[in-house]
Amino acid sequence: MLAVATPEVLWWALLPVLFLSVGGLLLLTVASLVRRLPDWLPQAWTVVTGLAVLVACVPMWCEVRDEGPRTTLAGSVAVDGSTVLVTAVLAAVVVAVALLARPYLRREDLPGVEVYVLLMLSAAGGVVMASADDLIVLFLGLEILSIAVYVLAALHLRRIESQEGAMKYFVLGAFASAFLLYGMALVYGATGSTRLALVAEHLSATVLVDDSMLLAGIALLLVGLAFKVAAVPFHAWTPDVYQGSPTPVVAWMAAGVKAAGFAAMVRVLVTSLGTHASDWAPPVGVLAVASVLVGAVVAVLQTDVRRMLAYSSVAHAGFLLLGVQAADADGTAAVYAYLVVYALLATGSFAVLTVMGGDGDAAHHLDDYRGLARRRPVLAGAFTLLLLGQAGVPFTGGFVAKLGVLAAAVADRGYWVAGLAMLGAAAAAFVYLRILVSMYLEDPDAEAADGSTGPAVPLGARVVIGVACAGVLFVGLVPGPLLDLARDAVPVLVGS
Amino acid sequence: MDAAVFIVSAVVVLTGAAGVLVARNPVHAALFLVQTLFGVAVLFVLQDATFLAAVQVIVYAGAVVILFLFVIMLLGVDRAEDLGIEPIAGQRSVAAIVGASMLGLLLTVLLVGVDGPTGARGANAALGGAEDNTRRLGEALFTDHVFAVELTALLLTVAVVGAVVLARRVRGPLQPMPVVTVASATGSDDASATGSDEATATGDDPAAEADDEGEAG
Amino acid sequence: MENLLDGWGITLATFSPLVGVAVMMLIPKEREDQHKLIALVTSLWVAFVGVLLLIWFDLDHTDKLQYVVDKVWIDVISSRYAVGIDGMSLPLILLTMLVVPLCIVYSWNHFPDPVNPKAFLILILILETGMIGTFVAQDLVLFFVFFEVVLLPMFFMIAVWGGDDRRYASLKFFLYTLFGSALMLVSFLALFFLTGADTFTFSGLADAVAAGGVSRNAQLWIFGGMFLGFGIKVPMFPFHTWLPDAHTQAPTVGSVILAAVLLKLGTYGFVRIAIPILPEAAVSWAPWIGLLAVVGIIYGALGCLAQTDMKRLIAFSSVAHMGFVMLGIATLTDFGINAAIMGMVAHGLITGMLFFLAGSVKERYHTLEISRLGGLLVQAPRMGWIFGFCAMASLGLPGLAGFWGEFPAILSAYNPGNGVPVETFRTFMVIAALGTVLAAGYLLWLLQRAAFGTPPEEFADDPHITDTTKHEWISWAPLLALIVAIGIYPNLVFRVTDGAVDASLTPCLSVEGEAAEKLDCAEVYKIGHDDGHGDGHDDDGHGDEHDDEHDDEHAASGN
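Note that the protein sequences, when read in sequence, are chains A, B and C.
Heads up: the first sequence begins at 1 in the numbering used here, then just goes up one per residue.
Heads up: the second sequence begins at 1 in the numbering used here, then just goes up one per residue.
Heads up: the third sequence begins at 1 in the numbering used here, then just goes up one per residue.
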């Protein structure tokens, strides 16, 4: 029997995946063995796991910064700045969602362990996506993430909306996965490898006489990834899913899934297929503009705040694509900065929505926000800050983020793209303004005004909203550190 | 010879696939799926990938489809579904056009592109070395792709957990679609303008859904 | 005297209001008196700093940026915290610092519904930071940030404290301005990347453009983007429709700030950014700007004649007045731009005053329907006379500030600057002059119907109708005094602005490359400049340092 040379493993680089997956599985095991698990334990466990990942990110970041990026596991996993940054974002969102989830589950009288298990496993998938240096690994990470999120979306077992949204999400997501897989197969066929580094190497070393197969592969990859990040015209699932799913889960979808999706997109398109940027950048630009415009305009027509934010997340995806289509280091850095800011904004906003949902998670109509400023001034103030951040008002993180992607697009001579996207941004600002108008300018409904002071804000939500607001303000006032971080995080391909 | 085998198995695969789509009885559809999978197995043999062919038969035809049948029979849905209803008007024809053009595009690309040189090694060229197919496959799986294999384990676990979660019934009845506050109809001026996207009624009304979809798309 | 404020005076003035805001945030909103006091003290403090800035401002070198701070702000995008004051921004900054405390005094005892002085005053102070910041910024990103900061408080002011139709008006205001600034931001970025400049500072970009590297076509497009952003804010003719709505619905103080300062952000943007950085494009765009300006003048005046609401009428008169300002700017001459800045200041003082008056009238009569008003001079004689005085100032009566804004602007169109088609502008001049006649028409008409005659029956014995109150006097007196002072001695403004305007036009005069196609720039410039002061001949080197006093005389004696 010949010995098989197993590949070298950098265990420290796998710590986040290990923490999250082992944490999830351990919780699952314990929960199925112990008859009555204390209510707080799963939440505390998830928070601790998330924090552990965050802590682990610090030495990883230093290591990568000092020793340079590298790959492990025979080149299938990358260890570089982007990996660590996105991992940290995902871990932070996991902590936030865990904090939001417990009061939500209690309020809705739902069973309480699976959420945390699935959340951690899906985060593990997200981390895999962010660190994948191989198309197959990327696909598996995406599937782990997605399948967990499909189930999470359906988790509100009592609400038919939740089931319906999850069903749509699942069917369309499965389609997207098929596209993605087919695209990967074609890229493999054209380049002879699934390793991102080898693909890039092959493409830079060879001039393809006929690159139609590669182009078809890129197109299909693009379709698959655009589905995952909810870019127009592949966004149709977003409003229904955002409306139906349990609100803390939506926070994860908006902040976490999007971050992982864009991390993957940047890895594949910009770093690996960067040589063919002139082929894929224009369509991505079209997707970006379409997303911003359609997202903003359709959001204006909504009266359900979750749907509004769903469409606004489509518009945000458009802005992120704006950074992707620039296809250079600046654009990529802008995308990462945007992802961090958007994670803060989305988590904070959906934390507010979680609180506002009330019993049955149903009070999400715009009218339910009437006069909130009078009933709950602090909550309304925080929501105002978060919405202004989403609108990209100066002195909030949103402005810095938008400015970054826009600058990247303009630097890449994408004037039309940038101009149209800015028009979309102006239209989107109207959406947030509608919520603000409702909160500040309209009188609460008669029954709501009768002595009720609005929903109670649980401690977990307070922490999440507070941290999100502080983060958004901090980035808005002192953008330097985040932008530096994002610039250091631009991924580099390392040949195995 | 090769061509003949290919053509025969391709016909088997395609008719099977079409059968899955067309069959009104889910059990029949599952059996058509078996036919497709066998056809693919033959294609594998044709490519000298005997191991894959065996796996194909054992895993897909032997396990997966049997599971399908189990589920179909356990859930008692082994009756014809009414496929006559089109939830969104004109959906099928549009889907057919889009699908056909996608297929055409891909076929064109592949037929054109397949002649050009690619980075891939020839699929049925000799692998080199004395070891057999299976061994090399195993080695590849546990060296180059060891992480992917491990991840597959995680993926399956997630899927199982998800299936269990979804299959569980909660105590008490399903909550109906929440009725959005009636105030919207009388109070706000914007609310009435955008009725289509509002879940004012018990939103599983197919017309409202259709509207939603139409707007979203 | 030693300049104690050098290096930090601007920062102090800009951000002091925010300190006041922070303090007010901590005080519960029931303690209204404390809020008012803090807001007033803060704004007075800012005004005091402004006075110090003026005292230590080197009036001999108004073309030089003073109190300059230039620090790295956002390193990654090469944006700097660059601020400074020169002769062009100083009058506008002082105007801002003057108007804000007056507004606070004015609203002292009558906050519009829903009262909530805490929120109202906080918004005013945030506005002040935004406005001062816009005028001092010397970096495009910083400018944009402050430009946007102004937007939200104003939106809320209209939307919360405004009239019955406030939602529509506030959203219209917000969306218009936001669309404009969206395009503006893109053109800023395009400018930055096309020039390959290493900073966003105005001077850096102007140098980079002058050094070449931006094609003429690109310059035109970039100027177009800025034109939209600034033009909407001004507002210029086709983009003006938000203004009457916003003014009509805004609370009095909101209208005053809007008219006195916010509109100037747009015109200031033209003279500070668009023209100095993109002189070539400015020359090509000038006829179009002039055309829209003239259309605005006539359209605004005709609009005034069609109004039945006093506030709306004043709003339309703003459109006309800003048309004069834009016409002055479009001539691209030293003379015209000086006139434009004078026009901005005068319009700020006068129209601000008119909106104050409209607010006071509304408070007493609870209506601004011109047809229902009348006899103000009988019921409230002092207020009536002030009203008459302001109307006179607004229509450009010589000896009052309005004259020095309008008349030189018209005159400057006789001989527009470098490369600008002369005949076109002379036509504009004639039309604009017609506009002044119309202005006299609508203002006198307004005065006659609102102030003269006998009081209508419904208000004849209304005890609410009192003459000017103490708060009104305090808040109006400075404005009235300045209208007279500038009217008598316009050099107060011209002396400050002239050097800076000259300097800002320097790139316009030294446009390279296409000199052959154009009229000789120096020559045209000379004519335009000379024309300002009769037939004297000015042999000063153009684009060089002018002798300030010499120049002032010209400007002052001109017309």
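Just so you know, not all the hints are guaranteed correct.
To be verified - Listed next, the in silico SDA-like pairs over lysine to any residue satisfying Cα-Cα at most 20 Å (straight line):
| no. | chain 1 | residue 1 | chain 2 | residue 2 |
| --- | --- | --- | --- | --- |
| 1 | C | K172 | A | F430 |
| 2 | C | K29 | A | L301 |
| 3 | A | K168 | B | G104 |
| 4 | A | K168 | B | V94 |
| 5 | C | K470 | C | S203 |
| 6 | C | K362 | C | A211 |
| 7 | C | K172 | A | G381 |
| 8 | C | K172 | C | W242 |
| 9 | A | K168 | B | Y60 |
| 10 | C | K29 | C | N109 |
FYI, nobody ran anything at the bench for these hints, they're computed from the structure.
Any hints from earlier that this structure breaks? Give me their numbers in increasing order, please.
-> 2, 3, 5, 6, 7, 9
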